[in-house]
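Take a look at the letters that make up each chain.
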Amino acid sequence: MTIARHIKHRGDALWLAALIHRLSGLALAIFLPLHFLVLALALHHAVRLDAFLHWTDQPLVKLAEALLIFLLTVHLLGGLRVLVIENFDWHDGQKRLATLAATISAIVAFIFLVRVF
Amino acid sequence: MPETPAELSVSLWRGGAQGRYETYRVPRRDSQTVLDVVTYVQRHIDPTLSYRFACRVGMCGSCAMTVNGRPRWTCRTHVAKVAGSGRLEIGPLENLPVIKDLATDMAPFFEKWRDAKGTFAPSRTRADEMPRIRPDSPARIAADAAVECINCGVCYAACDTVRWNADYLGPAALNRAWTLVNDERDSGNAARLQAVAASGGCHACHSHQSCQEHCPLSLNPTASIAGLKRRAAAAYLKGELKP
Amino acid sequence: MNVRLYVWQRGTAALMAPLVAIHIAIIFYATRQGLSAADILSRTHGSVVWGAYYGLFVAAVSIHAAIGVRNVLAEWSPLSERHAGWLALLFGLALAALGARAVAAVVL
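Chains as they are written, first to last, in numbering that gives the first Met the number 0: chain A, 0 to 116; chain L, 0 to 242; chain G, 0 to 107.
Honestly, the hints are just simulated from the structure, not real lab data.
A portion of the hints provided could be inaccurate.
[As the list claims (entries may be wrong)] Just some of the chain G residues that point at chain L, by a computed CB distance under 8 Å: (1) M0; (2) N1; (3) V2; (4) R3; (5) Y5; (6) V6; (7) D38; (8) A73; (9) E74; (10) W75.
Where is the CB? At the ideal position from N, CA and C, for every residue including glycine.
Construct the entire structure; sequences and hints are all you get.
Written as structure tokens, this is what we have:
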């Protein structure tokens, strides 16, 4: 039950970092079965795999792929940050590290986008 | 310096869980704390207002409330720091049952201290010699860093893992367990690690660090919980724990 | 999440950190001139190394994602932790099966 009309800590950087970590993980979990289904086309239907790969040439699909690259990278870097918190001595500056993780992920996704277009 | 308004507009939660906010006008004073504001309402406007405080100097841990959306110790929170606009919304702590108005039932909070084995388990009797613990030993330093908790419940109210997982022991209880894990005189670690390694224990923590962000004593329960995660995981891998 | 699930989830996370980094590098390499089935298969067909890499990756991600999904369901859905656990187990098994099929398709 919530009595406060605004729960302010939900805007805090590290709360958002955990939210992004969770949502990126969920999105990847939803994407993976589709990813595997497409790859399995190579088993008997190489032609259909090629048709699918051709379909992915659309700009919107490329944009979605860049988003996936962002999600994967941000989940990797955010996860590494958590592993370091949990397994090594404490280090301050987690907000900076979380921001860095998101920034690097955005840059990686952007480079991907520039390259495929 | 912005001009200090002559009056504050103060919304206080009234009633139990199904209550509502009511607004009061409270004169603005120099060096006024949020607790002063609540006390003014109770003394001058509505004596039926319920709230909890004792020491007024940040030691007893009983006056925590939600102030403009964040849990705070109200006796040491200056109005100037939180109500630049002249508005205050004060409610009971989140994540705990409301008894009435600004007073919450702290029982679940303290029950979790008990469940986390937050009590000292002596390893010697009074007949034995006092153990010597070096102030610069790593365990002592770790315990020192976490030991000043005043049980105010601010971290518990700021923690969304508590909100989402009713079984989660919460930052204060786990922080307490961490001080005892590092207490060389304590003999209760087997049971303690077992308790904090169970579902709802330290491994449920997502390292949001809201506890650290809000702790009025600037403690870092997230770091304590990370220590427990390591210690409990190591014990589990050595076969000392049954999950 | 108890300590057993924690060790599996963080263990698979640590294992996958280098695997994901390599995966991202491969994505960049493979998409330098567009993807084709022939390209992918020429790299992976009959390769023990790629088979082991992707096999390990699929096994780790199935465990890691299933525990993650379980935690999300337990915290954010009305399901009890028990029911969330069963649903997540089903998800993990499905993911492992689909993943194994995909690895077989590109390696064998």
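Checked hints:
Among the interface hints, the one on M0(G) holds; its C-beta lies about 5 Å from the nearest C-beta in chain L, closer than the 8 Å criterion. Hint status for N1(G) relative to chain L: holds, with the closest Cβ pair at about 4 Å, below 8 Å. The interface hint given for V2(G) is met, as the beta carbon of that residue sits about 4 Å from the closest beta carbon of chain L, less than 8 Å. Evaluation of the R3(G) hint against chain L yields a held restraint, the C-beta minimum of about 4 Å falling below 8 Å.
The closest approach between the C-beta of Y5(G) and any C-beta of chain L is roughly 4 Å, which is under the 8 Å cut-off, so the hint is satisfied. Because the smallest distance between the Cβ of V6(G) and any Cβ of chain L comes to about 6 Å, under 8 Å, the interface hint for this residue holds. Hint status for D38(G): violated, given a least beta-carbon distance of 40 Å to chain L, over 8 Å. The restraint placing A73(G) at the interface with chain L holds, with a minimum CB-CB distance near 7 Å, inside the 8 Å limit.
Checking E74(G) against chain L: minimum C-beta separation of about 4 Å stays under 8 Å; hint holds. The criterion of a C-beta within 8 Å of any C-beta in chain L is met by W75(G), whose closest approach is roughly 7 Å, and the hint holds.
The structure does not agree with numbered hint 7 stated previously, though it agrees with all others.
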